[in-house]
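> The primary structure of each chain is shown beneath.
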Amino acid sequence: DTAVSQTPKYLVTQMGNDKSIKCEQNLGHDTMYWYKQDSKKFLKIMFSYNNKELIINETVPNRFSPKSPDKAHLNLHINSLELGDSAVYFCASSRGFNTEAFFGQGTRLTVV
Amino acid sequence: QQQVKQSPQSLIVQKGGISIINCAYENTAFDYFPWYQQFPGKGPALLIAIRPDVSEKKEGRFTISFNKSAKQFSLHIMDSQPGDSATYFCAASNDGGFKTIFGAGTRLFVKA
Chain X
15 DTAVSQTPKY LVTQMGNDKS IKCEQNLGHD TMYWYKQDSK KFLKIMFSYN NKELIINETV
75 PNRFSPKSPD KAHLNLHINS LELGDSAVYF CASSRGFNTE AFFGQGTRLT VV
Chain S
159 QQQVKQSPQS LIVQKGGISI INCAYENTAF DYFPWYQQFP GKGPALLIAI RPDVSEKKEG
219 RFTISFNKSA KQFSLHIMDS QPGDSATYFC AASNDGGFKT IFGAGTRLFV KA
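Chains as they are written, first to last, in our numbering: chain X, 15 to 126; chain S, 159 to 270.
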């Protein structure tokens, strides 16, 4: 069983479109995250959630809207996609904020 | 104050050699210092982690050295193998920070 699974793995879309990435974890964790990894491999936190509540929005444009329907899911919806949104997006979960984070396999988003 | 600075950016080591990656942090509130390993096309995975109450932690060929007064920590990979070729990220977090801050990553290549 995959601990943190995100879909789709690849997403190619045109500028201006709206897309969603889904994430589910079966580890029973209360804390979930979205990270963005750019072409230089830099990993930057986007959002932190705890018990379905948004804790951190790390200066992400409001075109990005996370939604947590329950503690096991944290989806990411992106409106009006721009070329600069092209990156790999990782979902992760952890038992707490300063413990091991488990990452999904990533979603490679390409905006053309 | 939230930054974690990592060096070198890339590293080439002969098989059997020692790989050393260094990180420095500023926020003295950090109390969890993990190292993550990422292979191409995969999400980061925890390799080894340390908390500031110890100065060294060893797991197999991997050792973290931690210098609290200098606010520095490093990863040593002994007897480096081609299978260790990956990108390594140091990171730091604390419970009240609600997120993990990652270093910029080090691309390690171990020559056979």
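Hints listed in this document are in silico derivations from the structure and should not be mistaken for laboratory results. Treat the hints with care, as some may be off.
Unchecked claim - Once the Cα atoms are required to be at most 35 angstroms apart in a straight line, the calculated DSBU-like pairs of lysine-lysine come out as:
1) S:K226 - S:K216
2) X:K66 - S:K200
3) X:K81 - X:K36
4) X:K85 - S:K173
> Now tell me if each hint is right for this structure.
Against the structure, the hints come out as follows:
1. S:K226 - S:K216: Roughly 17 angstroms between the alpha carbons, so the hint for K226 (chain S) and K216 (chain S) holds.
2. X:K66 - S:K200: holds, 26 angstroms
3. X:K81 - X:K36: holds, 10 angstroms
4. X:K85 - S:K173: Given that 35 angstroms is the threshold and the Cα spacing comes to 44 angstroms, the pair is violated.
Checked against the numbered hints above, the structure violates only hint 4.
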